[in-house]
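K.L.:
This is what each chain is made of:
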Amino acid sequence: MTTTTPVEPVRKRPARRRVARRGLGLRIYTWLVIAWLVLPIGVMIAFGFNDTTSKFNFEWEGFTLKWYADLFDHEDLTTALINSITIALASTAITTVLGTLVGLALGRYAFRGKGLSNLVLFAAISSPELVMGASLLSMFVTLNTPRGYGTVLVSHVMFSIAFVAMTVRARAVGLDPSIEEAARDLGAGPWTTFRLVTLPLVLPGVVSGALLAFALSIDDFIITNFTSGSTVTFPLWVWGSTRTGTPPQVNVMGTLLFAAGVLIAVINLVGSRRRARRA
Amino acid sequence: MARRLTPYLMMLPAGLWLAVFFAVPLIVMASLSLQEGNLVDGFRQTFHWQNYTDGLSTYGDKFVRSLWYGLLATLACIAIAYPVAYWIAFRAGDHKSTYLFLLLLPFFVSFILRTVSWKFVLADNGVVLGTLKDRGLLPDDFHVLQTTFAVVAGLTYNFLPFMVLPIYVALERIDHRVVEAARDLYAGRVQAFVRVVLPLSLPGVFAGVIMTFVPVSADYVNAAVLGGPDNTMIGNVIQSEYFNNSNYPTASALSFTLMAILLLGIFLYARVLGTKDVLEAAGR
Chain A
147 MTTTTPVEPV
157 RKRPARRRVA
167 RRGLGLRIYT
177 WLVIAWLVLP
187 IGVMIAFGFN
197 DTTSKFNFEW
207 EGFTLKWYAD
217 LFDHEDLTTA
227 LINSITIALA
237 STAITTVLGT
247 LVGLALGRYA
257 FRGKGLSNLV
267 LFAAISSPEL
277 VMGASLLSMF
287 VTLNTPRGYG
297 TVLVSHVMFS
307 IAFVAMTVRA
317 RAVGLDPSIE
327 EAARDLGAGP
337 WTTFRLVTLP
347 LVLPGVVSGA
357 LLAFALSIDD
367 FIITNFTSGS
377 TVTFPLWVWG
387 STRTGTPPQV
397 NVMGTLLFAA
407 GVLIAVINLV
417 GSRRRARRA
Chain B
122 MARRLTPYLM
132 MLPAGLWLAV
142 FFAVPLIVMA
152 SLSLQEGNLV
162 DGFRQTFHWQ
172 NYTDGLSTYG
182 DKFVRSLWYG
192 LLATLACIAI
202 AYPVAYWIAF
212 RAGDHKSTYL
222 FLLLLPFFVS
232 FILRTVSWKF
242 VLADNGVVLG
252 TLKDRGLLPD
262 DFHVLQTTFA
272 VVAGLTYNFL
282 PFMVLPIYVA
292 LERIDHRVVE
302 AARDLYAGRV
312 QAFVRVVLPL
322 SLPGVFAGVI
332 MTFVPVSADY
342 VNAAVLGGPD
352 NTMIGNVIQS
362 EYFNNSNYPT
372 ASALSFTLMA
382 ILLLGIFLYA
392 RVLGTKDVLE
402 AAGR
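So the protein sequences, as listed, match chains A and B. The numbering of the first sequence is my numbering, which starts it at 147 and goes up by one. The numbering of the second sequence is my numbering, which starts it at 122 and goes up by one.
Accuracy of the hints is not assured; some may be wrong.
[Stated by the list, open to error] Derived DEER-like restraints, expressed as beta-carbon distance ranges:
no., chain 1, residue 1, chain 2, residue 2, range
1, A, 423, B, 189, 47 to 53 Å
2, B, 321, A, 294, 47 to 53 Å
3, A, 335, B, 144, 34 to 40 Å
4, A, 290, B, 294, 46 to 52 Å
5, A, 416, B, 177, 25 to 31 Å
6, B, 293, A, 177, 49 to 55 Å
Honestly, the hints are just simulated from the structure, not real lab data. Using N, Cα and C, we set each Cβ at its ideal position, and we do this for glycine too.
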């Protein structure tokens, strides 16, 4: 025992220096991966400022702000963007309510059929979008349902429910049940307990779930492609424009959506940090 | 009594929604895949399996290619994501959430728009290759677009965050005292990693593989935007059977074959890794 103790620091010190060097390599590597991930975003932002004259906007021809001024020049592109945003808002509102209920039920109650419910959610998350889109189209064709805004909306709710449920459940599972019991012991009814105790505690999970649902909806291409009929959303319009030439306004709209998304996420992040510090 | 019904009532609206728009469509597609006919004359339920056998024999190579691309992109994702997740989980300290946020930045740009931007980056005379060619660093006829490399790189790019996050979550859960214990028991740095950290992170890799391999194998956007005629995946075939040929029975059979292959793959993979990990991934 006594003989090994003085040896310890001698063995450890050079090891720690090696750790620092190794950590540096991985840090540089991580930054390279981040740079790779961000590169196309940089290209998108840059080409929103490109003073292009050709239909295909991919050679740099000088700086201009005119695409920001002429943002709504393509009427059908504007319509597509509005469709994307309104569908995302509506589907987020519906999904958040339905998904939160499922997440709370799975996180707070023990009941028969819970395993099956988990399995269904897992299937809904891991099924290939292509198969979900194809099966929805098969059903709509068979039932002669006209495809459009409504079918896109119901399918977006369908594929985001599981994500919201999982996010809320993760939060609900970690809650101490004695807090709710205490509320009930103090005379609160089930609804009051839910409104004043349970909901505020799971709210961070609900907010993350809602943001996730919005992001999934506004970005979805594959399922929308199958269920949209002649209704066009922003991703569908971009897809269509790859053959005829993508106008710079697409890059500008992409940049503005990106900026808005990052802003909301940063506000959410700062908010949750502040809540964590207070707790 | 009412108490006991509460969770069921809470599940009901979402359950109905998923039944009508997730389960029923799959049943309808199953039935459609066993029919014959066309849009003009109508479809007849014949329960013949020819759609499946024809689909497999005609497009077998596309299935193989999709799985091959899926495998390549998934392996590339693991290779790229693991060190990143490792560094963030163990070394990023207070900046963990900042790094995760940076890795998720691509998700704030539409999937299609990102892929189109890659096309601009990789274009023959685009920002990167054009510049290198002007400097004489690359031969003029060098190109990346319309190659297998471009498609697999695009798939890896688009699905990388789906691999980083679950591996990160698994690594983050590891109790550092376990690693210290291994070191105290004279395991070398490499040995501690291989015998302690790596096995404990496997559930994360498992979840990551499911979250990347499935969507990658079924993707048709990357092959269409970044690839050429030699890179067509089964997703492109299914998409065009639905939209260009309106051949719904064949398209349905192909979709089901794809799903069956992917499910079988997941099942075999789960058997190899042990079912406990599947349940853990399912329960997450």
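K.L.:
Each hint: holds or not?
P.N.:
Here is how each hint holds up against the structure:
Between residue 423 (chain A) and residue 189 (chain B) the beta carbons are some 49 Å apart, a value that agrees with the proposed interval 47 to 53 Å. The beta-carbon spacing between residue 321 (chain B) and residue 294 (chain A), approximately 49 Å, falls within the hinted interval of 47 to 53 Å. One distance hint, 34 to 40 Å for the beta-carbon pair residue 335 (chain A) and residue 144 (chain B), holds here, with the actual separation near 36 Å. The hint said 46 to 52 Å for the Cβ distance between residue 290 (chain A) and residue 294 (chain B), and at roughly 50 Å that hint holds.
At roughly 53 Å, the beta-carbon separation of residue 416 (chain A) and residue 177 (chain B) lies outside the given 25 to 31 Å, and the hint is violated. Our hint of 49 to 55 Å for residue 293 (chain B) and residue 177 (chain A) is violated, since their Cβ atoms are close to 20 Å apart.
Going down the numbered hints, you'll see the structure goes against 5, 6, while the others check out.
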